[in-house]
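Chemist: If you want the building blocks of each chain, they are given just below.
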Amino acid sequence: MIPLLFAAFAAVLVASSLLVILHRNPVTSALFLVLAFCSLAALYLLLGAEFVGMVQVIVYAGAIMVLFLFVIMYLNLGHDVEGGVQTTLRRGLGWVVGAVLVAEGAMLLARGMALGPETPQSPPPPGGNTGAIGLLLYSRYLFPFEITSLVLLVAMVGAIVITRGRTTPAGPARAAAPRAAAPRAAPPATPAAGPPGTEPAGAPAEEVHA
Amino acid sequence: MTGLWIIPALPLAAVALLLLLGDRAGRRGTAWIACGSVGLAFAFALRAVIQLAMLPPDQRALVDTIGTWFRVGDFSADISFLLDPLSAVMVLVVSGVGFLIHVYSTGYMAHEPSFRRFFLYLNLFTFAMLTLVLADNFLLMFVGWEGVGLCSYLLIGFWYQRPAAAEAGKKAFVVNRIGDFGFLLGLFVLFTAGGSLDYQHLFAAAPQRFAGAAGTALVTVATLLLFVGATGKSAQIPLYVWLPDAMEGPTPVSALIHAATMVTAGVYMVARCHVLYQLAPVSLEVVAVIGAATALFAATIGIAQNDIKRVLAYSTVSQLGYMFMACGVGAFSAGIFHLMTHAFFKALLFLGAGSVIHALSDEQDLRRMGGLARPLPWTHATMLIATVAIAGVPPFAGFFSKDEILSRSYLSGHHRIWLAELLGSILTAFYMFRLYILCFRGRPRMSHEVAHHVHESPPSMIVPLVVLAALTTVGGWIGMPLIEGGHPFERWLAPVFENAAVAGLHQESPATEWALIAISVAAALLGIGLAFRAYLRRPEVATALAERFAGLKNLLVHKYWIDEIYGVVFVRPFYAIAGWFWRFWDEVVVDGTVNGVATVVEGASAVLRLFQTGFVGTYALFFALGVAALLLHFLRHP
Amino acid sequence: MPALLANPDAQFVLWALIKIVVILFGLLGVVSYLTFAERKVAGHIQARTGPNRVGPFGLLQPIADVLKLFFKEEFIPAGANKVVFHIAPMLAVIPALVTFSVVPMGPNFTVTDLNVGLLLFLAMSSLGVYSITLAGWSSNNKYALLGGLRSSAQMISYELAMGLSTVGVLMLAGSLSLVDIVHAQQRYWFIVQQPLAFIIFLITAFAETNRAPFDLPEAEAELVAGFHTEYSSMKWGLFFLGEYANMITISSIAVTLFLGGWNGPWLPEPLKFLWYFAKLAALLFFFMWVRWTFPRLRYDQLMQLGWKVLLPLALLNVMVTAVGLWWAVGR
Amino acid sequence: MIPLSWLLLLSAVVFAIGVVGVLVRRNALVIFMSVELMLNAANLAFVAFARHLNSLDGQIVVFFVMTVAAAEVAVGLAIIVNLFRLRETVFVDEVNLLKG
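Residue numbers (the working numbering), protein chains in the order written: chain Y, 7 to 216; chain F, 25 to 662; chain U, 681 to 1011; chain V, 761 to 860.
Calculated from the structure, these hints are not laboratory results. Errors might be hidden in some of the hints.
As the list claims (entries may be wrong) - Short, incomplete list of chain Y residues facing chain F, as computed with Cβ under 7 angstroms: (1) V106; (2) L107; (3) V108; (4) M113; (5) E152.
What the hints assert, rightly or not - In silico contact screen, one side only, chain F against chain V (beta carbon under 10 angstroms); selected entries: (6) T637; (7) G638; (8) V640; (9) G641; (10) T642; (11) A644; (12) F647; (13) A648; (14) V651.
Given the structure is predicted, the values throughout are model-derived calculations rather than measurements. Using N, Cα and C, we set each Cβ at its ideal position, and we do this for glycine too.
Assemble the whole structure, with the sequences as input and the hints as a guide.
Modeler: Here it is in structure tokens:
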């Protein structure tokens, strides 16, 4: 049963990952990426890492990918246009390198490198390993954990500062009127870098997310 | 016992508070924070000292270890404070006199625009000084030592817009650096040979570690180096030159730093290291001789100076010489006693001088003073007490301490030192009463405009004066001579200096001591009498003498040309060397190297730039190719 | 066939399928009558009688509605992204149904007792954004897009406060399994210890289900019909279904976390599930009551409330709970 | 039980897909998604090793990776939005500001 499920989810994972990079439409790419993440979460569940699996869905599918979708919609991107000799050369090289990487990885695995003997598994605790993860996070990894909060804070501040830009001194006024923060979508894309004040600030979205 | 740390921490907290609050505190708030913190520190110090006094004499040492400061190899330095009878005296003097001077400053600096900066520095100084005296090891003491040096520099140059003040601050800093360097070298020697910088360990182990001829040589070198530091900080020959110039700072600063507390750090340090000094008789001899030379030298210069604060500055140098003489003859407790009484009366003198300067609209020249006894009754009375005290007339504080130094010097067989001290006390009495007479007696010599504005200082300045005057009057009584088994002050310090008790003291008959007392009082009275005769009764005598010995007078007025000699011997050659380094080493060698590197990089980058397309994709491709190559390497060399 | 039935894996799959089917159809039936109930409640609140023509007391009205929806013409706007346009309504229903798999309805009456059940609920509620965002975007209609963006911002904002408000319960119960949480409430319900958390959870629940007074995504007066402006027939029906399914799910979670789940006096063990349904019904009525009583919030008020009031309060609740636990247990 | 090598192979494949995505696509957003794919491939390897070694540390590392990914996406997308405002493009081969 478990190998079967593994195979199924692995297939979904690989297929959707491929579609992420193959599809011309960024929205579709993003949706396939969500699918890939969900199947990855399922794989985590199969591996007995149910907490990580759930967090994977919450963080990646529920937050990060939504942010991606927001930005794609805000930028109102159509299909990507690819073409030209240089592009073709680069794409060809890219595929070759990817194939080489997979081949090398497979060969390394085939030689059994880095694979020690499997540690005997202890039976999973009745309440799952969430409690054990919490204990580890708040004991041995306490310092990295606290630093993590700092990383997030810096990223939040950075994202806000970058998106606000220096063009509008009347920043607060803009932030106070999120109604104006609607991206133009249905009408054909007008220049996004409009005059100050009318900029479709993605501010609420980014602030929400960061 | 815990809680010692709070004594230096309070002024530090005040510094932080003043920095954080900025001008929001206002003048009144600033004054309260600054004075309150030092006052509280004094209260805590008093409490700690009372606790100390409760203990039996042989256990009187309170240690408060806060934590490890740093650890390098097997050497570790603690942040640790020690309160023993010696540091108790120091901490009470520093916080007590410091508090009075803080209060005084609120009045004196009332019209100063940089009011907050002044108190910030003053509090920082108090913190550093308390750290210095309370430290439990040489390293922490060195922190305080450097801290007070820094604050001294900042406060001398407080009016940095005035070139003279800025120069004086720089001079003080540079001269002190020389001394501090010696001090640091001394610490290195002590640590290498003594194995520790902790007072207790070092002093306990010193007799064994420094045994034998080699050990004596080593400890002599170490103590001499430490004494170099002391000459810098405590303004002794040859590094005394900064102190008179330091009078460019505000007067409360002169009183606190350059009279009462910081300049005595050298004396404190020597007393603290008495165990080491007693292992090195040569060093003791040097200390005594340098002290004697400085005392006489500075006293003679003091006679011919016209700036009221400079006279006091040379007087300080001279009195510090007395303290070192006391240490040099082994009478450490007498030196510390004089340190304490000197803190009282010299602070009082400076504060009184400040009051006079304040009253005369910032006039400092004695030649334009006179007759101020009537308009400034409080200042006059307190200044008179202080002058009498420093001259050594009983029953004021200066008499007891100075007499003790004299008698100890004589009784311990240092007769030549005693003679120098005696001569010094005549000179002291003379120049101090010259100052007093020129300032308060005779006819007013200031301009009408200034005379019109003469006014007594506000209560915030008078009250510290009165308190200090009271201390000057009664402060010496705890050192009453001729008491069997030593007087209270000596008994108090006895646990610290137990092995330094002057031998042979108690074998002398009271008659000898009485005679010595009589001689020293007579010397003081002689100096006073001469001053009155030369400057009040018959001023023409002074003029005549000055004309007759014009060469000598010129020499004294120009302070033996010492600054100029230093300039030619040390400063000019130093400038020359520095200039060479600048022109050749810096501009040719260093700059040449840097520019050469830049040229090489420029040439190389012209080639490497071709790889930089600016497209992220290209970079990523190189990156991926690199990873692939790395994996290939692992495949080939598993 | 019997050999297949003996296989434990196959049995597992079979049981799961049976449970899924039961829950699915049960839930769908409840949802359709919930719409009926809503209309009745709205009617009575507005001093009307509500639907009463189809069947006795109008009880067949939901069936008529569904039939109408099925037979209505499907309409896809020009320039729409067809695939996404089709997927979006499905995404509205699926997360709600998935969450229901971990809700304990009675003793030994739950699809699966997952040891990270609460996280599953949070994960699924975080996925709820997609349907609305994608529906708004793929319709190629500016009102739909505005509604979609508004709702995603709203849901993401309130998700934080909701997640944090459950942390207090989590700390008290010491487990992420919803069954364990219900068991932990046998002495008294967590609403007693966590009243603030309950209030925050309720408010955020309104926002997460896009119900009044937080129904900005479909504010008729401003945005025509919000993100589902361009939807018609059963696709629109799916959104409708999703809204009510979400309501049921989130109310179930509220019952489980704060109101003691199936715990209650008097009833014998096998009938305890009735308590669960009674509480659920009460909460659903409360949802409707609020919808027809309160006016809609302005968008900036909504954001202010979410970020400046609810989130700090939820954090405060976590801190107070932690201190309280430390006081009570740690010492 | 799933053998470790399968998981690692899967991780390698997903990682390589991410690499290819970075190399062949010109849309910065898709490149970003490919980076996320690579990060997740690494996460998968971590979880696989956590299971293999029967130690939770691998799962803890996954947390930190997720945190960093979240931070990176927030800042990265902000940069892309700004890029679009300035240049009206998200195609990385139309921007060569890195060239000195």
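Chemist: Evaluate each hint against the coordinates.
Modeler: Hint-by-hint comparison with the structure:
For V106 (chain Y), the interface hint holds, since its Cβ comes within 7 angstroms of a Cβ in chain F; the closest pair sits about 5 angstroms apart. Among the interface hints, the one on L107 (chain Y) holds; its C-beta lies about 6 angstroms from the nearest C-beta in chain F, closer than the 7 angstroms criterion. The interface hint given for V108 (chain Y) is broken, as the beta carbon of that residue sits about 10 angstroms from the closest beta carbon of chain F, more than 7 angstroms. For M113 (chain Y), the interface hint holds, the least distance from its beta-carbon to any beta-carbon of chain F being 6 angstroms, beneath 7 angstroms.
The interface hint given for E152 (chain Y) is violated, since its Cβ lies 23 angstroms from the closest Cβ of chain F, which is over the 7 angstroms cut-off. Among the interface hints, the one on T637 (chain F) holds; its C-beta lies about 7 angstroms from the nearest C-beta in chain V, closer than the 10 angstroms criterion. About 3 angstroms separates the beta-carbon of G638 (chain F) from the nearest beta-carbon of chain V, less than 10 angstroms, and the hint is met. Nearest Cβ of chain V to the Cβ of V640 (chain F): about 5 angstroms, under the 10 angstroms cut. The hint holds.
Interface hint status for G641 (chain F): upheld, as the beta-carbon distance to the closest one in chain V is roughly 6 angstroms, under 10 angstroms. Against a cut-off of 10 angstroms between C-beta atoms, the interface hint on T642 (chain F) holds, since the closest Cβ of chain V lies about 9 angstroms away. Taking 10 angstroms as the C-beta contact cut-off toward chain V, the hint placing A644 (chain F) at the interface holds, the least distance being around 5 angstroms. Given hint, F647 (chain F) at the interface with chain V, holds; its Cβ is 9 angstroms from that chain's nearest Cβ, closer than 10 angstroms.
Interface hint at A648 (chain F): satisfied, since its Cβ lies 5 angstroms from the closest Cβ of chain V, which is below the 10 angstroms cut-off. At about 8 angstroms, the closest approach between the beta carbon of V651 (chain F) and any beta carbon in chain V falls short of 10 angstroms, and the interface hint on this residue holds.
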